[in-house]
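These are the residues of each chain, in order.
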Amino acid sequence: MTSSRLAVRKTYKLFIGGKFPRSESGRSYLVQDANVALASRKDVRDAVVAARAAVKGWSGTTAYNRGQILYRAAEMLEGRREQFVALGEPEAEVDAAIDRWVWYAGWSDKIAQVYGNANPVAGPYFNLSSPEPTGVVGVVAPPESPLLGLVSVVAPAIVTGNTVVVLAAEERPLAAVTLAEVLATSDLPGGVVNILTGKPAETAPWLAAHMDVNALDLAGVRDAALATSLEEAAAENLKRVLRPPATPVDWAADPGTGRMTAFLETKTVWHPKGT
Amino acid sequence: MFEYAPAPESRSIVDIKPSYGLFVNGEWVDSEVRDKTVNPANEEVLAEVAWATESEVDGAVRAARAAYENVWSKMPGRERAKYLFRIARIIQERGRELAVLESLDNGKPIRESRDVDVPLVAAHFFYYAGWADKLGYAGFGDDPRPLGVAGQVIPWNFPLLMLAWKIAPALACGNTVVLKPAETTPLTALVFAEICQEAELPPGVVNIVTGAGETGHALVSHPGVDKVAFTGSTEVGRAIARAVAGTRKKLTLELGGKAANIVFEDAPIDQAVEGIVNGIFFNQGHVCCAGSRLLVQESMYDEVLAALKRRMALLRVGDPLDKNTDIGAINSAAQLERIRTLSEIGSEEGASRWSPPCELPDRGFWFAPTIFTGVTQAHRIAREEIFGPVLSVLTFRTPAEAVEKANNTPYGLSAGVWTDKGSRILWMADRLRAGVVWANTFNKFDPTSPFGGYKESGYGREGGRHGLEAYLDV
Numbered sequence: 001m002t003s004s005r006l007a008v009r010k011t012y013k014l015f016i017g018g019k020f021p022r023s024e025s026g027r028s029y030l031v032q033d034a035n036v037a038l039a040s041r042k043d044v045r046d047a048v049v050a051a052r053a054a055v056k057g058w059s060g061t062t063a064y065n066r067g068q069i070l071y072r073a074a075e076m077l078e079g080r081r082e083q084f085v086a087l088g089e090p091e092a093e094v095d096a097a098i099d100r101w102v103w104y105a106g107w108s109d110k111i112a113q114v115y116g117n118a119n120p121v122a123g124p125y126f127n128l129s130s131p132e133p134t135g136v137v138g139v140v141a142p143p144e145s146p147l148l149g150l151v152s153v154v155a156p157a158i159v160t161g162n163t164v165v166v167l168a169a170e171e172r173p174l175a176a177v178t179l180a181e182v183l184a185t186s187d188l189p190g191g192v193v194n195i196l197t198g199k200p201a202e203t204a205p206w207l208a209a210h211m212d213v214n215a216l217d218l219a220g221v222r223d224a225a226l227a228t229s230l231e232e233a234a235a236e237n238l239k240r241v242l243r244p245p246a247t248p249v250d251w252a253a254d255p256g257t258g259r260m261t262a263f264l265e266t267k268t269v270w271h272p273k274g275t
Numbered sequence: 001m002f003e004y005a006p007a008p009e010s011r012s013i014v015d016i017k018p019s020y021g022l023f024v025n026g027e028w029v030d031s032e033v034r035d036k037t038v039n040p041a042n043e044e045v046l047a048e049v050a051w052a053t054e055s056e057v058d059g060a061v062r063a064a065r066a067a068y069e070n071v072w073s074k075m076p077g078r079e080r081a082k083y084l085f086r087i088a089r090i091i092q093e094r095g096r097e098l099a100v101l102e103s104l105d106n107g108k109p110i111r112e113s114r115d116v117d118v119p120l121v122a123a124h125f126f127y128y129a130g131w132a133d134k135l136g137y138a139g140f141g142d143d144p145r146p147l148g149v150a151g152q153v154i155p156w157n158f159p160l161l162m163l164a165w166k167i168a169p170a171l172a173c174g175n176t177v178v179l180k181p182a183e184t185t186p187l188t189a190l191v192f193a194e195i196c197q198e199a200e201l202p203p204g205v206v207n208i209v210t211g212a213g214e215t216g217h218a219l220v221s222h223p224g225v226d227k228v229a230f231t232g233s234t235e236v237g238r239a240i241a242r243a244v245a246g247t248r249k250k251l252t253l254e255l256g257g258k259a260a261n262i263v264f265e266d267a268p269i270d271q272a273v274e275g276i277v278n279g280i281f282f283n284q285g286h287v288c289c290a291g292s293r294l295l296v297q298e299s300m301y302d303e304v305l306a307a308l309k310r311r312m313a314l315l316r317v318g319d320p321l322d323k324n325t326d327i328g329a330i331n332s333a334a335q336l337e338r339i340r341t342l343s344e345i346g347s348e349e350g351a352s353r354w355s356p357p358c359e360l361p362d363r364g365f366w367f368a369p370t371i372f373t374g375v376t377q378a379h380r381i382a383r384e385e386i387f388g389p390v391l392s393v394l395t396f397r398t399p400a401e402a403v404e405k406a407n408n409t410p411y412g413l414s415a416g417v418w419t420d421k422g423s424r425i426l427w428m429a430d431r432l433r434a435g436v437v438w439a440n441t442f443n444k445f446d447p448t449s450p451f452g453g454y455k456e457s458g459y460g461r462e463g464g465r466h467g468l469e470a471y472l473d474v
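Going down the list, the protein sequences come from chains X and V.
For what it's worth, the UniProt record's numbering labels the leading residue of the first sequence as 1, then goes sequentially.
For what it's worth, the UniProt record's numbering labels the leading residue of the second sequence as 1, then goes sequentially.
A couple of the hints might just be wrong.
Unchecked claim - EDC-like mimics (lysine to aspartate or glutamate), calculated; alpha carbons at most 20 Å apart, straight line:
id, chain 1, residue 1, chain 2, residue 2
1, V, Lys17, V, Glu44
2, X, Lys13, X, Glu202
3, X, Lys10, X, Glu171
4, V, Lys309, V, Glu359
5, X, Lys56, V, Glu404
6, X, Lys273, V, Asp270
7, V, Lys421, V, Glu265
8, X, Lys56, V, Asp430
9, V, Lys405, V, Asp430
10, X, Lys199, X, Asp223
11, V, Lys36, V, Glu214
12, X, Lys110, X, Asp254
13, V, Lys82, V, Asp133
14, V, Lys421, V, Glu274
15, X, Lys273, V, Asp266
16, X, Lys19, X, Asp187
17, X, Lys273, V, Asp420
18, V, Lys405, X, Asp212
19, X, Lys56, X, Asp212
20, X, Lys199, X, Asp33
21, X, Lys199, X, Glu170
22, V, Lys309, V, Glu298
23, X, Lys19, X, Glu181
24, X, Lys273, V, Glu274
25, X, Lys110, V, Asp430
26, V, Lys323, V, Asp133
27, X, Lys56, V, Glu401
Said to hold, decoys possible - Listed below are several chain X residues computed to face chain V (Cβ distance under 10 Å; list not exhaustive):
id, residue
28, Asn117
29, Tyr125
30, Ser129
31, Val269
For the record, the hints were derived by calculation from the structure and aren't laboratory data.
C-beta atoms are modelled at their ideal positions from N, C-alpha and C, and glycine is treated no differently.
Build the full structure now, drawing on both the sequences and the hints.
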């Protein structure tokens, strides 16, 4: 009798350095009818270590290759489409999330052409400005859009060569954990994306104050006092901060290039011309 | 060695008033609180200058707001452009006066204020003037909007040049500004206010509030300011980042540096030595992007050091107005004290100190060009910004070690690479975490070329197309 077969349930864990560990704190919380890991300060620090370790390889890979890997993420997400629908994600949002990976995949080898410049200096010099990744970006994911919103903040940060530590939405974290499974099978090197479930209000201050994090995306912070304190903590090592949106975001709209350029540095190289 | 007769530039071209007020809404406003600005080369008082209070800053921000709402944001870009072109032209016309005044107030050699600072100031206004009616082509959308009122705080090392870097793009994008010059170098900014009057710039578009830290704090924390731009120390930059946290103010910061100047064994040695000297002794080393850490490949160490010492012995330290002077006065007693303290720490921590024989004037603030050898990465003189004519020399063996050492700093403003091998330049340039990489050159600036830092050297770019982004709502 097949109907008597006991289903195999999934344990929802963290995603750090390409692996799926439980929280080192041993904590979990009940949400969306599942036990989900409740990340701790130590998990934040482990995730930053993993993200930092991945920077050199990921930023050093070719733009072409990064584009291929992001496109692979779209392929994998397409294949798991029904899982996300089963988690309660509207079909249109799942489709938009897939298309968003495709959109950003195509940016990998174009953003430097759009955002860089040859500069006509008044002298015999070659002078070129090109964008480079900032490094490790801490991201508080948007709570209102657990899949499309998440993809819309992760993809633009990593397509240019950054690595991320993402604090998933507290109330609807299952899409984030399932997205981690997509990424784990997309040839994305371990550590490029790290996802922590739990309470961002508890973990975000550690991320904002971490001295080995280069930038902070507060897309999902809805508490103004928390946003201010995170921005203040970020000032200690002058993290680049993308503030919470002033008005509600339509995550389905054309995202533009702003989420990529917010986490890019411009490097300008000079060299004399001569014989 | 040649003997030089003094060749002083005449100071009669400048007409310094005994006292200056604040420049608010196109007019000079008297102020109660005042202090003196001195010539650092001889400690002579040059003028008395207002130190704007919180309520005076408030008045300036209100004037800037009114000018923004009523005039500047409504004016077509092509008209804004013409005002900026006018300003650029007047700066050129009054170039010699501005250069002499800058050298008097700052202490920098007239050769630099005349040949570097002032020409770049004019070029900067020309460059951004041309953008004012072309913003829709800059890659920020068809009709990018200005932010509103910009509060700008600038340092004392390039007083007029930093003013130009701040004001030119702000006005081109349609913002109005309240600018605070540094308390030790306010004079060229005050002459710039006169230039705004001469150009008939609408009142309130540019407001100059002189003063010290409290004035700056009042400006950046004023709720009527939409944009804060700061150039200065990382410590103050951090405080400003905290002060604007939780507001919607857009912030750009150009902060400190501890740049590595990396010399490989195949570098053209004479050019490299010129680059090392220019890198650390230009403007008395009061340069955030100064090449203050020399990294020499071990095989070339003796040769480079010998050539560097020979070259340093030829540097002429003295009267900033003398056209033969290479190194002028340290800008203030406080800065001199910091340079002395860190240099003493350098010796105490075990590095070897060397300066060429050099006679320093009796009055004023002076520091001989200095190098430290035997410096390790742990030494404070290898980690902290000295902001003076003091070079720390370290060595390396492989390109990978050079990259490792160059990047071993919380700063990331600039770096230099000297080698004849093209592929190595590009390999190094890819790996150096710095906003500007000078290869086989150093300390070059141009209005078309973006400048700004990685990491704790700040964020945002000044110059070039990128420089517009700091002043547009994008």
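So, going through the hints one by one against the coordinates:
1. This hinted pair checks out: lysine 17 of chain V and glutamate 44 of chain V have alpha carbons roughly 14 Å apart, not beyond 20 Å.
2. About 18 Å separates the Cα atoms of lysine 13 of chain X and glutamate 202 of chain X, which keeps this hinted pair within 20 Å; it holds.
3. Between lysine 10 of chain X and glutamate 171 of chain X the CA atoms are separated by roughly 18 Å; this keeps the pair inside 20 Å, and the hint holds.
4. For a cut-off of 20 Å, the pair hint linking lysine 309 of chain V to glutamate 359 of chain V stands: about 16 Å separates their Cα positions.
5. Restraint check for lysine 56 of chain X and glutamate 404 of chain V: satisfied, since their Cα atoms lie roughly 13 Å apart, inside the 20 Å limit.
6. Our distance criterion of 20 Å between C-alpha atoms is met by lysine 273 of chain X and aspartate 270 of chain V, whose separation comes to about 17 Å.
7. Proposed proximity of lysine 421 of chain V and glutamate 265 of chain V is supported: the alpha carbons are some 10 Å apart, at most 20 Å.
8. Between lysine 56 of chain X and aspartate 430 of chain V the alpha-carbon distance is near 12 Å, which keeps this suggested pair within the 20 Å criterion.
9. Between the alpha carbons of lysine 405 of chain V and aspartate 430 of chain V the distance comes to roughly 15 Å, so the proposed pair stays at or under 20 Å and holds.
10. At roughly 13 Å between alpha-carbon atoms, lysine 199 of chain X and aspartate 223 of chain X fall within 20 Å of each other, so this suggested pair holds.
11. Simply put, lysine 36 of chain V and glutamate 214 of chain V have alpha-carbon atoms about 16 Å apart, close enough for the 20 Å limit, and the pair holds.
12. Taking the CA atoms of lysine 110 of chain X and aspartate 254 of chain X, the gap is near 17 Å; set against the 20 Å cutoff, the hint holds.
13. For the suggested pair lysine 82 of chain V and aspartate 133 of chain V, the alpha carbons sit about 10 Å apart, so the restraint of at most 20 Å is met.
14. Between lysine 421 of chain V and glutamate 274 of chain V, the direct Cα distance comes to roughly 19 Å. Compliance with the 20 Å bound is thereby established for this hinted pair.
15. With a C-alpha separation of about 18 Å, the suggested pairing of lysine 273 of chain X with aspartate 266 of chain V holds against the 20 Å cut-off.
16. Taking the CA atoms of lysine 19 of chain X and aspartate 187 of chain X, the gap is about 13 Å. The hint holds against a cut of 20 Å.
17. At roughly 13 Å between alpha-carbon atoms, lysine 273 of chain X and aspartate 420 of chain V fall within 20 Å of each other, so this suggested pair holds.
18. Taken as a hint, the lysine 405 of chain V and aspartate 212 of chain X pair is honoured in the structure, with Cα atoms around 18 Å apart against an allowance of 20 Å.
19. A hinted pair counts as satisfied when its Cα atoms are at most 20 Å apart, and lysine 56 of chain X with aspartate 212 of chain X qualifies at roughly 14 Å.
20. For the suggested pair lysine 199 of chain X and aspartate 33 of chain X, the alpha carbons sit about 17 Å apart, so the restraint of at most 20 Å is met.
21. Of the pairs offered as hints, the one joining lysine 199 of chain X and glutamate 170 of chain X holds, with about 5 Å between alpha carbons and a cut-off of 20 Å not exceeded.
22. Taking the CA atoms of lysine 309 of chain V and glutamate 298 of chain V, the gap is about 17 Å. The hint holds against a cut of 20 Å.
23. A threshold of 20 Å between alpha carbons decides the hint, and for lysine 19 of chain X with glutamate 181 of chain X the separation of about 10 Å falls inside it, so the pair holds.
24. Pair hint lysine 273 of chain X plus glutamate 274 of chain V holds up; C-alpha atoms about 17 Å apart against a cutoff of 20 Å.
25. A threshold of 20 Å between alpha carbons decides the hint, and for lysine 110 of chain X with aspartate 430 of chain V the separation of about 18 Å falls inside it, so the pair holds.
26. Only pairs whose Cα atoms come within 20 Å are accepted, and lysine 323 of chain V paired with aspartate 133 of chain V is rejected, the gap being roughly 40 Å.
27. Among the hinted pairs, lysine 56 of chain X with glutamate 401 of chain V is consistent with the structure: their alpha-carbon atoms are about 16 Å apart, no more than 20 Å.
28. Given hint, asparagine 117 of chain X at the interface with chain V, holds; its Cβ is 5 Å from that chain's nearest Cβ, closer than 10 Å.
29. Of the supplied interface hints, the one on tyrosine 125 of chain X holds, with its beta-carbon coming within about 7 Å of a beta-carbon of chain V, less than 10 Å.
30. Hint status for serine 129 of chain X: holds, given a least beta-carbon distance of 5 Å to chain V, under 10 Å.
31. With 10 Å as the threshold, the beta carbon of valine 269 of chain X comes within range of chain V, its nearest partner Cβ sitting at about 5 Å, so the hint holds.
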